[in-house]
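Undergrad: Using the sequences and the accompanying hints, generate a full structural model.
Chains as they are written, first to last, in our numbering: chain E, 1 to 551; chain C, 1 to 171; chain B, 1 to 105.
Simulated from the structure, these hints should not be mistaken for lab results. This one's a predicted model, so the numbers in the text were calculated from it and none came from an experiment. Keep in mind that the hints are not guaranteed to be accurate.
Simulated crosslink set (DSSO-like; lysine-lysine; CA at most 30 Å straight-line) [to be verified]:
id: 1; chain 1: C; residue 1: Lys-128; chain 2: E; residue 2: Lys-97
id: 2; chain 1: E; residue 1: Lys-218; chain 2: E; residue 2: Lys-37
id: 3; chain 1: C; residue 1: Lys-5; chain 2: E; residue 2: Lys-37
id: 4; chain 1: E; residue 1: Lys-24; chain 2: E; residue 2: Lys-248
id: 5; chain 1: E; residue 1: Lys-218; chain 2: E; residue 2: Lys-536
id: 6; chain 1: E; residue 1: Lys-165; chain 2: C; residue 2: Lys-128
id: 7; chain 1: B; residue 1: Lys-34; chain 2: E; residue 2: Lys-476
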Amino acid sequence: MYAYDELDRTLINERVSEFRDQVKRRLSGELTEDEFKMLRLQNGVYLQLHAYMFRVAIPYGTLSSEQLRRLAHVARRYDRGYGHFTTRQNIQFNWIKLAELPDALADLAEVGIHAMQTSGNNTRNVTSDQWAGVAPGEIEDPRIWSELLRQYTTLHPEFSFLPRKFKFAITASEHDRAAIKVHDIGLRLHRNAAGETGFEVLVGGGLGRTPFIGKTIKPFVHGHDLLSYVESILRVYNQYGRRDNIYKARIKILVHELGIEKFAQEVEEEWLQMRDSALAIDGSVIEDLRSRFSYPAYEKLPHMPDELKKAAHDPHFEAWRKNSVFPHKVPGYAIVTLSLKPVGGPPGDATADQMDAIADLADKYSFGEIRVGHEQNLALPHVARRDLPVLWKALDKIGVATPNVNLVSDIIACPGLDYCSLANARSIPIAQELTRRFANHETANLIGRLHINISGCINACGHHHVGHIGILGVEKNGEEFYQITIGGRADEKAEVGTLIGPAVPYAEVADVIEDIVEAYLALRARPDELFIDTVKRLGVEPFRERVYATR
Amino acid sequence: MPLVKHGKVTTDTFVHVADDAEIPGDGAILISAARFLEDAEGLSGRVGRTGVIWPNNRDVDDLVRYLGRLAVVALVFPTFRDGRAYSQARLLRERHGFKGELRATGQVLRDQFVFMLRAGFDAFEVKKDSDAEAFATTVKHYSVFYQPTGDGRITALHRRMQLRHSESAGQ
Amino acid sequence: MTSPLEQKKIRITGPSMVTANRTWDGVVIYRTSKHGWSADLSDAAIVRTSDEARALLTESIADDVGAIGAYIAPVEIKEAGEIRPGNLREHIRSEGVTIDLPVPA
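TA: Below, the structure is given as structure tokens:
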């Protein structure tokens, strides 16, 4: 966990005090909404259907228990007792009052939490792998570089008014859990043939109206050149990104219109003039950052402790263990995923009570640390395997031990028309119905890994383009309809899904998904051929036939 | 529209000369880029200080060779949300070493003063009187900066390194 | 439910009202016939022509301090003159989310 020092805290406090003054000037009329809107967006404050929505940053998805308790406090004191974890590792509160925001921000600032740049045409939360620092096989902790980038991009005077939003993601694992290929800049930390640490830099990935998979602009940028190289990309984008049409303003459009070669050339020309500037990263700077990350004092523990052997007799525990517990790089430890997708529940939500309880469990069993994943679940990253049985009982009691991680009912969904003013259709009730249809764990395990993503509009905050099954809400004659895609994926083999046919009405969506799943079970080559692989092998046609035969 | 320089409201000694108006023989003038480039050589040699208003959708490369003879370069924020002039400002100051007055024009509001100073602006045609008057207090809002720009402010990263060295030196 | 936030041409096809969110707390409000705002849909001023709608919207937008994001939205007028939301989006804004909140109110 990175420890904020006095400098980091001072900056956050200065930001809070500036925003307090801006809110005051807005409410007195000194600032018009036109002048204020971008300022509030830069502090994570949206206007939604019923109320303001407040998006708080959780840098690279890492929280301390103290911080999680403070989020619970904000939910209670300023909102309606719950929060929603997002596909960018942030948390959202849906009922906040503008007049109370400065106080909420001040309360958060006390524990080093802020909402800087979680919205607006600037650089957003740098997301990473929620298993960063504990996943086996990682070459080093990508969060150190995420923190370096976070600081570099925070209140950057040149890049606070870009043509549009700008998102970074970093991974250091072979298996990409950070979806770097659908980000404006994706960074893959690795070592080159000479053993040096650096990044494959991808650019121009993104979802929304025009989804693009990111393209490699440079296969290896040395660690010490990372910031100067990123600055070159941002400068080219700031100057040449389109500002005439918000639907064509992301960097993915610029890359597409120029072509990756020409774009890479522009960046290279800019970079060659600044690579040895003040942005060159000294090894000592990285070491200093690294020293601020504290890691647990792990014990030497057995892989198969007695507690675990005893608990193996409990089928419920075993079902959960097999589903939600993942290998840790330190022997005797495990990474535990907490499912925020209970049957019938809105995906990704947690109540203030749950947050407090999880914070307590993190203190007891995870060295006080919690992670937020972009699939809208939480994780406890440092659990001793001997503690798994007692932890499971506690998690089950608070409702975050549904053994459905990565399965069909582990749905990623945006808030949709129930909350969001951009939406065309609701997404949460669709997700809820699907969790009910697929509530049976045996069935879900029979189906295997299957990612369903739901977006209530083309802005694609639910990442439907890269869902194994993607559901997109559209409007037809005042009614809610849904387009279904299959075959998308967000990992290192990232791909945009394919539409299977005409949009279907709200009441039929769950039936259609059931038909798709049935088709898969009938068509798969072997029980362990995953849905996504069956689609790859057979294409969309057999699924289309099955679904539209009677529609 | 008040002009802020050296932290306070001052009189603007430069006169904006419209494209179709005659350029005075001497005196300080601000003219459009198009007009300047029509006769750059001639204008750079005129008596009296000359300044250029450079549009935000044009490469500053085209102006670089004249920088030594220009007293002012005025950059434009058509809306405060259009941030192209920040890049232009940094390039002029940091890459091309422009030493004259770098002026922010357009929709210049107090909430961007700190960003503008950090990018190299040192003069501001401020939209609102109240913002102009609040300039000195507004720029004191922030004392910590994460990124290096040409403004000479030490970054947080380097302050930490300094503190570390002085700590270990003290041992 | 297409976002009405980018309404450029004002053209209504039935009885409509102007709605917005209150600046200080974000609460949903409706423009009344008395040049004010109410959080109660039954107080909404009803317009029936595009000209009336334009006029009501213009006056609403002028209150930049009190309200943000004003736009024109359809209503349904019931038998006894009761005003009901005219589409799902307005229904959700007036009644609340269509799902159970994680914490009972």
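Undergrad: Out of the numbered hints, which ones does the structure contradict?
TA: 2, 4 and 7
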